[in-house]
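Asks: Listed below, chain by chain, are the residues.
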Amino acid sequence: MSTAATPHGEFLQHHFTTAEQQADAGKIGMWLFLVTEVLLFGGLFVGFAIMQSLHREAFVAAHHQLDRVLGFINTVVLLTSSYTMVMAVHSARTDRRKRVVVYLLLTLICAGVFLGIKYVEYSHKFHEGLLPGRYYSHKGDTVPGQFMFFSFYFMMTGLHGVHILGGMAVIAWVLRRAARGDFSHAYYTPVDLVGLYWHLVDLIWIYLFPLLYLIK
Amino acid sequence: MNAWIRSVLMPVQGTAYAARVDHLYLFLIYVSAFFFLLVAGLTGYFVIRYRRRGPSDRTPNLTHHQGLEAAWTLIPLALVIFIFFWGFHSYMDIAVSPADALEIQVTAKKWVWQFEYPNGVRTVNELHVPLGKPVKLVMTSEDVIHGFFVPSFRIKQDVVPNTYTQLWFEATVPGVHQLECTQYCGQGHSGMLANIYVDDEKKYNEWLATGGDAGKNMPLSQFGAMLYASRGCRTCHSLDGTRGQGPSFKGIWGHPVKLSDGKSVMVDENYVRESILLPQAKIVASFEPIMPTFQGMLREREIQALVEFVKAQK
Amino acid sequence: MTGNYLSSPRGLKSWLITVDHKRIGLMYLFSVLFAFLLGGIFAMLIRIELLKPGHNIMSADTYNRVFTLHGAIMIFLFIIPSIPASLGNFVLPLMLGAKDVAFPRLNLASYYIYVAGALFAIAAMVTGAVDTGWTFYTPYSTTTNGSVGLMTFAVFVLGFSSIFTGINFIATIHKLRAPGMGWFRMPLFAWGIYATAIIQVLATPVIGITLLLIIMERVFSVGIFNPQLGGDPILFQHFFWFYSHPAVYIMILPGMAIISEVIPCFSRKTIFGYKAIAYSSIAIAGVSFLVWGHHMFVSGQSQLANAIFSFLTFLVAIPSGVKVFNWIATMYRGSISLEAPMLYAISFLLLFAIGGLTGLFLGALATDVHLHDTYFVVAHFHFVMMGGTVMAFLSGLHYWWPKMFGRMYSEKWARVSAALIFVGFNVTFLSQFVLGSRGMPRRYYSYLDQFQPLHVFSTVGSWVLGLGFLIMAVYLWASLRRPMDAPANPWGATGLEWQTPSPPPEHNFENAPSVTRGPYDYSSPEPTSAEVEA
Chain A
1 MSTAATPHGE
11 FLQHHFTTAE
21 QQADAGKIGM
31 WLFLVTEVLL
41 FGGLFVGFAI
51 MQSLHREAFV
61 AAHHQLDRVL
71 GFINTVVLLT
81 SSYTMVMAVH
91 SARTDRRKRV
101 VVYLLLTLIC
111 AGVFLGIKYV
121 EYSHKFHEGL
131 LPGRYYSHKG
141 DTVPGQFMFF
151 SFYFMMTGLH
161 GVHILGGMAV
171 IAWVLRRAAR
181 GDFSHAYYTP
191 VDLVGLYWHL
201 VDLIWIYLFP
211 LLYLIK
Chain B
1 MNAWIRSVLM
11 PVQGTAYAAR
21 VDHLYLFLIY
31 VSAFFFLLVA
41 GLTGYFVIRY
51 RRRGPSDRTP
61 NLTHHQGLEA
71 AWTLIPLALV
81 IFIFFWGFHS
91 YMDIAVSPAD
101 ALEIQVTAKK
111 WVWQFEYPNG
121 VRTVNELHVP
131 LGKPVKLVMT
141 SEDVIHGFFV
151 PSFRIKQDVV
161 PNTYTQLWFE
171 ATVPGVHQLE
181 CTQYCGQGHS
191 GMLANIYVDD
201 EKKYNEWLAT
211 GGDAGKNMPL
221 SQFGAMLYAS
231 RGCRTCHSLD
241 GTRGQGPSFK
251 GIWGHPVKLS
261 DGKSVMVDEN
271 YVRESILLPQ
281 AKIVASFEPI
291 MPTFQGMLRE
301 REIQALVEFV
311 KAQK
Chain C
1 MTGNYLSSPR
11 GLKSWLITVD
21 HKRIGLMYLF
31 SVLFAFLLGG
41 IFAMLIRIEL
51 LKPGHNIMSA
61 DTYNRVFTLH
71 GAIMIFLFII
81 PSIPASLGNF
91 VLPLMLGAKD
101 VAFPRLNLAS
111 YYIYVAGALF
121 AIAAMVTGAV
131 DTGWTFYTPY
141 STTTNGSVGL
151 MTFAVFVLGF
161 SSIFTGINFI
171 ATIHKLRAPG
181 MGWFRMPLFA
191 WGIYATAIIQ
201 VLATPVIGIT
211 LLLIIMERVF
221 SVGIFNPQLG
231 GDPILFQHFF
241 WFYSHPAVYI
251 MILPGMAIIS
261 EVIPCFSRKT
271 IFGYKAIAYS
281 SIAIAGVSFL
291 VWGHHMFVSG
301 QSQLANAIFS
311 FLTFLVAIPS
321 GVKVFNWIAT
331 MYRGSISLEA
341 PMLYAISFLL
351 LFAIGGLTGL
361 FLGALATDVH
371 LHDTYFVVAH
381 FHFVMMGGTV
391 MAFLSGLHYW
401 WPKMFGRMYS
411 EKWARVSAAL
421 IFVGFNVTFL
431 SQFVLGSRGM
441 PRRYYSYLDQ
451 FQPLHVFSTV
461 GSWVLGLGFL
471 IMAVYLWASL
481 RRPMDAPANP
491 WGATGLEWQT
501 PSPPPEHNFE
511 NAPSVTRGPY
521 DYSSPEPTSA
531 EVEA
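Residue numbers (our numbering), protein chains in the order written: chain A, 1 to 216; chain B, 1 to 314; chain C, 1 to 534.
Warning: the hint list may mix true and false statements.
Residues from chain A that keep clear of chain C, each with C-beta distances beyond 12 Å, as calculated [unchecked claim]:
id, residue
1, His63
2, Leu131
3, Ser184
Below 27 Å or equal to it, Euclidean Cα-Cα: the simulated BS3-like pairs (lysine-lysine) are [unchecked claim]:
id, chain 1, residue 1, chain 2, residue 2
4, B, Lys110, B, Lys136
5, C, Lys412, B, Lys250
6, B, Lys282, B, Lys110
7, A, Lys98, A, Lys27
8, B, Lys314, B, Lys109
9, A, Lys118, A, Lys98
10, C, Lys52, B, Lys314
11, B, Lys282, B, Lys311
12, C, Lys52, B, Lys110
Please keep in mind that the hints were generated in silico from the structure rather than gathered at the bench.
Note that beta-carbon positions come from the ideal geometry of N, C-alpha and C, so glycine has one too.
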């Protein structure tokens with residue numbers, strides 16, 4: 001019922017005795033959630049690796065259709081967004097309220113750019129008929145079976161894209177709270193946790209990019 | 001005692017390998033009985049001997065005992081490792097087939113078993129093998145995963161589409177042994193049975209030479225009755241009017257049936273023959289188009305026999 | 001008398017938006033019991049159909065859907081959430097001396113996600129259902145008709161509920177133990193829930209992605225499992241069992257955790273081998289990830305893989321055996337009293353022993369080849385899941401019932417019910433071991449005549465079993481209509497949950513407890529309230 005009489009006690013939930021305990025619990029929870037995300041994507045990575053080893057020629061031929069320049073730009077964009085996210089957390093921890101908002105906004109913009117570039121890439125694929133599974137209709141393949149690569153391309157970048165969208169929604173919510181002045185050195189857990197999530201989403205892309213675009 | 005346990009729990013031992021499996025099985029029965037009686041016995045005894053006498057009962061503070069705990073960790077560990085090796089050793093016996101085994105091709109599809117012998121003879125739902133000779137089955141499926149299981153041989157292997165799996169055995173008991181599909185595959189799964197005929201080598205070779213025509217000297221409708229049971233028709237078509245996956249044969253001959261496209265057709269020789277070879281051509285109304293084709297799986301005389309059989313169903 | 005968590009706050013809305021772990025635990029309890037009823041009805045229908053070969057009360061197609069739904073409902077809607085989400089939610093914070101779980105709002109979200117998953121499952125059931133078996137093997141599941149996409153999506157959603165519960169419990173155990181309660185002063189129920197939560201977090205995402213891949217196959221023909229497109233149907237089995245084997249330990253570990261509470265209490269003696277039991281729970285969680293291939297010995301897997309999986313499977317049996325010996329040693333020179341929770345705990349010991357021992361037959365390669373996909377396997381898993389987990393669940397339910405509802409139930413009818421359930425269960429499932437070893441495959445709609453007598457025997461057993469549960473439903477319902485007069489500690493148990501009234505107040509403890517002694521310290525036991533009055 002009553003909260004502990006600590007500074008900024010308004011964010012301390014009733015079942016925790018100290019803010020530190022609450023923050024620690026939150027961190028544990030988020031790390032565990034990230035582990036589940038790694039395992040979720042892990043299944044797709046394993047499936048890709050196995051199908052690639054069974055159909056090596058087709059996968060090599062197919063991956064030439066991907067635009068490495070755009071992929072590289074997207075990688076830089078996401079790395080930048082991770083940087084701005086780190087800065088947002090740091091700003092929250094050092095009571096620089098305005099900067100938190102700015103950095104979170106920059107992170108959102110980077111995410112938007114990422115999705116925009118993905119849209120361009122997807123458009124190209126649709127135009128060429130490079131679609132997953134039964135919808136693959138690309139003409140003039142010398143090596144058959146390339147549809148399987150695109151099955152994985154769309155599933156993996158698609159699932160990743162869904163996570164970017166989800167992350168953007170959560171960042172927007174945290175942004176709103178930051179603008180309201182909720183965060184300070186005593187309480188900045190939501191910024192911290194969304195930062196962790198965002199780094200993982202970035203990290204997954206760091207694995208996806210070479211796997212899909214680069215490796216023979 | 002062992003023989004009695006075996007007779008209750010296990011099918012006939014159709015191969016020498018079956019006896020090896022039963023040997024391990026029996027050992028595991030004894031191990032299980034021992035440990036179960038130990039658990040149940042101690043529990044039962046303690047519940048009575050140490051029943052609560054009253055609120056002033058005092059119990060000793062026994063928190064652990066290293067020696068006892070080590071014993072009941074290490075002894076079971078040794079036991080299970082022993083069981084692992086026994087199971088593994090016996091398993092390797094059927095996992096690797098002998099080089100001189102007679103090879104028979106098996107193709108499974110919903111819901112029949114097809115066999116092809118080295119001389120090109122093909123049979124459906126009946127596998128003929130020589131007694132006392134190793135036989136290797138090379139198996140694949142045309143649709144979903146099926147399972148090849150012969151209880152009396154104690155062998156089993158999944159039959160997978162687009163790949164070949166193998167199994168071998170050496171039958172030591174002449175007669176008929178049961179084959180059952182053991183990987184769920186849809187409506188006809190429990191009807192996907194076949195017979196394995198184990199004959200001495202001479203009879204087997206004779207059978208093989210005739211092209212596997214078992215019903216050679218039978219009148220047609222009797223032959224048809226045999227085929228109805230052995231070729232899988234029975235799985236979906238009843239003779240007593242009960243609706244199955246396919247229409248019952250009772251009383252259909254000589255009458256028209258309504259088809260799924262609204263048209264009507266007379267049940268005569270041509271219709272029955274077409275339904276066997278091109279089952280999707282005419283589907284009786286309210287039934288699904290799931291009958292597999294028997295094209296290439298029945299000889300002419302066999303088709304004639306089945307026609308006669310359907311004709312005889314009043 | 002001040003209010004308790006049931007009476008305050010009042011009103012339907014206060015329940016719907018509650019973040020109180022006790023209320024959430026109750027909501028889960030009623031949900032999983034309802035799922036058990038539904039799954040149980042399907043089971044009775046299966047057994048009636050199997051009274052004779054051929055058509056009895058349903059067609060083969062319907063039968064295939066009924067057994068699939070029986071499995072899917074029992075596994076995903078009942079047994080996986082059962083103990084952790086209902087009893088675990090209610091008891092864990094109390095036991096740790098905490099006011100709630102680490103993330104109460106996530107807890108509520110977990111429950112609503114469960115409900116959403118259940119609704120998707122019901123939608124699948126009424127729009128054509130599923131006939132693939134709960135294991136969804138490809139290519140059958142990617143090509144058959146029916147609401148496979150809806151059902152797999154339902155299970156996908158339910159997976160999130162399980163993951164969030166696991167995350168919540170791990171954080172709770174790490175951060176919310178009362179002052180003075182180090183890890184080795186924690187009750188063993190908490191250790192069991194912790195080990196379960198580890199598996200929930202690590203394994204469930206894999207079934208998540210596997211189910212998504214089935215949906216992708218059905219909608220887009222992505223090809224990964226389709227042999228005609230160059231995919232590998234066996235790969236599906238690897239993905240599926242990588243989760244589903246650890247999942248069976250999600251099912252049994254909480255049950256074992258309950259037994260570790262009940263036996264010391266009703267023997268009025270400290271638990272024997274506390275550390276061994278704690279470590280064995282973690283060991284089981286770890287090794288459980290290494291044995292999935294034992295479901296695939298005849299799938300076409302290599303002999304080497306078979307050998308490795310068989311060996312590891314035998315290793316995972318040892319920690320379970322250690323626990324059983326520890327529980328029996330706890331009873332040695334105890335002061336044993338046979339109320340309902342203890343009757344169910346003893347049922348657990350006997351039936352889990354049989355279930356576990358029959359696992360030896362299945363772990364050994366040569367015997368498994370014969371027994372795989374037969375009724376022997378069906379009997380084995382019912383012995384561990386029902387003879388094991390469900391008995392433990394019933395033990396815990398009767399043990400913590402007075403704490404949850406503030407009322408006792410009729411001990412006499414509880415004993416009648418326990419006896420019927422024990423007898424009915426054994427008649428139903430012991431016969432199935434014999435059916436299996438004699439060669440009766442599972443998932444068979446019809447069967448060879450020689451198997452009929454055993455099937456009839458098994459079906460009659462299922463009626464006795466059903467009657468036992470029916471009686472239980474009646475006396476438990478009746479107990480809720482009694483006055484709320486249960487004492488705080490009717491069993492004279494140690495454990496912080498018994499230091500607060502029955503039922504507890506909204507915030508669990510009037511004063512935050514602190515812990516000075518180890519758990520299961522029965523050296524100077526609290527007398528039960530009955531004994532105090534005598």
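Asks: Are the Cα atoms of B:Lys282 and B:Lys110 separated by 27 Å or less?
Replies: holds, 19 Å
Asks: Beyond 12 Å from every chain C Cβ: check whether that's true for A:His63.
Replies: holds, 16 Å
Asks: Check whether the Cα positions of B:Lys314 and B:Lys109 lie no farther apart than 27 Å.
Replies: violated, 31 Å
Asks: Please verify that the nearest CB of chain C lies beyond 12 Å from A:Ser184's CB.
Replies: holds, 22 Å
Asks: Does the alpha-carbon distance linking C:Lys412 and B:Lys250 stay inside the 27 Å limit?
Replies: Not OK: C:Lys412 and B:Lys250 at ~57 Å, beyond 27 Å, violated.
Asks: Are the Cα positions of C:Lys52 and B:Lys110 separated by 27 Å at most?
Replies: Given pair C:Lys52, B:Lys110 holds - Cα atoms ~24 Å apart, limit 27 Å.
Asks: Given the hinted pair A:Lys98 and A:Lys27, is their alpha-carbon gap at most 27 Å?
Replies: This hinted pair holds, its Cα atoms lying about 24 Å apart.
Asks: Taking only the CA atoms, is the gap from B:Lys282 to B:Lys311 under or equal to 27 Å?
Replies: Holds - the C-alpha atoms of B:Lys311 and B:Lys282 are around 19 Å apart, at most 27 Å.
Asks: So A:Leu131 supposedly isn't at the interface. Is its beta-carbon more than 12 Å from every beta-carbon in chain C?
Replies: The assertion about A:Leu131 is violated, with a minimum of 8 Å to chain C.
Asks: Would you check the hint for C:Lys52 and B:Lys314, treating anything up to 27 Å between C-alpha atoms as holding?
Replies: Holds - the C-alpha atoms of B:Lys314 and C:Lys52 are around 26 Å apart, at most 27 Å.
Asks: Please work out if A:Lys118 and A:Lys98 have their alpha carbons no farther apart than 27 Å.
Replies: violated, 31 Å
Asks: For B:Lys110 and B:Lys136, compute the direct alpha-carbon distance and say whether it is at most 27 Å.
Replies: holds, 22 Å
Against the hints set out earlier in the document, violations occur for numbers 2, 5, 8 and 9.
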